[in-house]
Amino acid sequence: MRPRVIKKVMTPHDCYIILTAKCNQRCLHCYGNYGMDVPQNELTGKEWDKVFEDLVKHNVFYINISGGEPTVHPDFLEILKSLKKHKLHFIITTNGLFTEKIFKAIVDVKDLLIGIKISLDGPDYISNGYIRRNVKKEISESDFNRTLKNLRMLKEKDIPFTIATCIHKGNIDRMNDLLNLILELKPVSWFISTISTSGRSFDNLNIFASDSEIEKKRWNNIKNICNKNDIFVNFIDMPFATATKKTEKFYYQCPAARSFCEINSDGLVSPCPLARVNIPSEFLKFENVRDKSIKDIWNGKAFNRFLELSKGGCKGCEAKDKCDRCIPQSILWFSDPTLPPPHCIQNGESLGLENIKDLRTQLKKRMEEYQRDNYIDVEKK
Amino acid sequence: MKKYILNKHIRYRKEDGYILVCDCKRLLDYEMPLEYFDLLELFKNGYMYEETNKEVMKELFELRIIEEKGKERGDVREDIFSKLGYDENEFV
Numbered sequence: 005m006r007p008r009v010i011k012k013v014m015t016p017h018d019c020y021i022i023l024t025a026k027c028n029q030r031c032l033h034c035y036g037n038y039g040m041d042v043p044q045n046e047l048t049g050k051e052w053d054k055v056f057e058d059l060v061k062h063n064v065f066y067i068n069i070s071g072g073e074p075t076v077h078p079d080f081l082e083i084l085k086s087l088k089k090h091k092l093h094f095i096i097t098t099n100g101l102f103t104e105k106i107f108k109a110i111v112d113v114k115d116l117l118i119g120i121k122i123s124l125d126g127p128d129y130i131s132n133g134y135i136r137r138n139v140k141k142e143i144s145e146s147d148f149n150r151t152l153k154n155l156r157m158l159k160e161k162d163i164p165f166t167i168a169t170c171i172h173k174g175n176i177d178r179m180n181d182l183l184n185l186i187l188e189l190k191p192v193s194w195f196i197s198t199i200s201t202s203g204r205s206f207d208n209l210n211i212f213a214s215d216s217e218i219e220k221k222r223w224n225n226i227k228n229i230c231n232k233n234d235i236f237v238n239f240i241d242m243p244f245a246t247a248t249k250k251t252e253k254f255y256y257q258c259p260a261a262r263s264f265c266e267i268n269s270d271g272l273v274s275p276c277p278l279a280r281v282n283i284p285s286e287f288l289k290f291e292n293v294r295d296k297s298i299k300d301i302w303n304g305k306a307f308n309r310f311l312e313l314s315k316g317g318c319k320g321c322e323a324k325d326k327c328d329r330c331i332p333q334s335i336l337w338f339s340d341p342t343l344p345p346p347h348c349i350q351n352g353e354s355l356g357l358e359n360i361k362d363l364r365t366q367l368k369k370r371m372e373e374y375q376r377d378n379y380i381d382v383e384k385k
Numbered sequence: 171m172k173k174y175i176l177n178k179h180i181r182y183r184k185e186d187g188y189i190l191v192c193d194c195k196r197l198l199d200y201e202m203p204l205e206y207f208d209l210l211e212l213f214k215n216g217y218m219y220e221e222t223n224k225e226v227m228k229e230l231f232e233l234r235i236i237e238e239k240g241k242e243r244g245d246v247r248e249d250i251f252s253k254l255g256y257d258e259n260e261f262v
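Taken in sequence, the protein lines are chains X and Z. Using the working numbering, read the first sequence as starting at 5 and increasing by one per residue. Using the working numbering, read the second sequence as starting at 171 and increasing by one per residue.
Hints listed in this document are in silico derivations from the structure and should not be mistaken for laboratory results. Mixed in with the good hints there might be a few duds.
Which stretches of chain X does chain Z cover? Using the computed rule of at least three CB atoms under 8 Å from a CB of chain Z, they are [stated by the list, open to error]:
#1 57 to 66
#2 162 to 174
#3 232 to 240
#4 337 to 349
Covered, in the sense of this in silico footprint (three residues per stretch, anywhere, with C-beta under 8 Å from a C-beta of chain Z), are these stretches of chain X [said to hold, decoys possible]:
#5 81 to 89
#6 204 to 216
From a predicted model like this one, the values you see are computed outputs, not experimental measurements. Glycine included, each C-beta is placed from N, C-alpha and C at the ideal position.
Next up, chain X with everything else stripped away, as it sits in the complex:
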């Protein structure tokens, strides 16, 4: 018997669930513009119950419940009961603004709960509120306090939780204060990432901060202190903080449509959230779990086409046999699924990409169009 690295499987290993696109916040960086674009026909608690039944029937191991803010789904308590009924393990990703009633209901299904991830983007309400706003798009002290209260309650009940932080202009200089708060809250892990270039962040370009805005040794220090306190730190999309002297070739390893998929709040099933958000229906028409079982969708036309596109590799790339090319990014940046995503263009020489000069010019042009000329250093070699 040996640990298994999951590649292509017959039905999804796990699913990412957008329970609802409704949200009780209006964060400036929200990748999905949640809270604003809510589908009219979101699945009800009863419909989610049928979906869970179908997932368990086809041996999906667990789900990751997110949103929007999942706890504001009108049938959230019924949904938790349904998970219990089907003995389906789950993760929750939330902003931590849930009520005590919901907190108790979550504790009630603790046995099936794998973990909770809560967003916290600053050490105080001003810093946190720099990107994390209430429904009136205002900075809210009470929202911050409620999240903090729930984090402390989780700690008290010994429920494992992870804190997720996006770096932004309002917290990049406050990392030491945030570190102290993290040490007090003692999550199992602390995930720190840059903001995704998608959704509402395009309208709020002033919020972006780069991980290179503070010294690398400070990032290392944060990681070391947390490790000493049994808090695992993961830097995501932070090339400066994670840079090593290794010259390993960069390539994508992605479980989308191979072992993982997303089910959106309207029932649409796509390989991943970025695929749903960035791929228009003329490229790929995703199917709905209201009409078909997860097994049929997983083995259907759209998923097979997605895999065909991502298997193709990019012209000249030396890592193309290993790479699970990111189609949503190619389409987002170039409206062309055959072109390499930005990070591959940045590493174009070491990957051996053909026409690298031309690709760099195209990418620069798109970055200017999107007003994201600081997204990556295109000339970096």
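Following the hints, complete the assembly by docking chain Z onto the known chain X.
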């Protein structure tokens, strides 16, 4: 005589040529030969005495796939998000 049961967080299924076993609480995956499917089914439906399939039982116990009946082990407090097959922060 010790009796063993399937850990309540273990789910498994047949894949193409192997059994895929998932520890759903710790997010760990294992691959097992197909010949052990019936054994797992026996655990799922009841319990097994330690004399049967001794070597396999030992390995399953060490991996926390099975547990001693009445002496179920508590959950481990550990990072699980880093074990996901994707960077979940991408979507948050």
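task = State whether the coverage of the segment 162 to 174 of chain X by chain Z holds or is violated, taking the criterion as 3 or more residues with Cβ-Cβ distances under 8 Å.
result = holds (count 5)
Claimed coverage, the segment 232 to 240 of chain X by chain Z - three or more beta carbons nearer than 8 Å = It holds, with 3 qualifying residues against the three required.
ask   = How about the segment 204 to 216 of chain X: do at least three of its residues have a C-beta closer than 8 Å to a C-beta of chain Z?
value = violated (count 0)
query = Quick check: the segment 57 to 66 of chain X, covered by chain Z? Criterion 3+ residues, Cβ under 8 Å.
reply = With 3 residues close enough to chain Z, the hint holds.
task = Check, residue by residue, whether the segment 337 to 349 of chain X contains three or more positions whose beta-carbon lies closer than 8 Å to a beta-carbon of chain Z, and give the verdict.
result = violated (count 0)
Verdict on chain Z covering the segment 81 to 89 of chain X, criterion of 3 CB contacts below 8 Å = violated (count 0)
The structure does not agree with the numbered hints 4, 5 and 6 stated previously, though it agrees with the rest.
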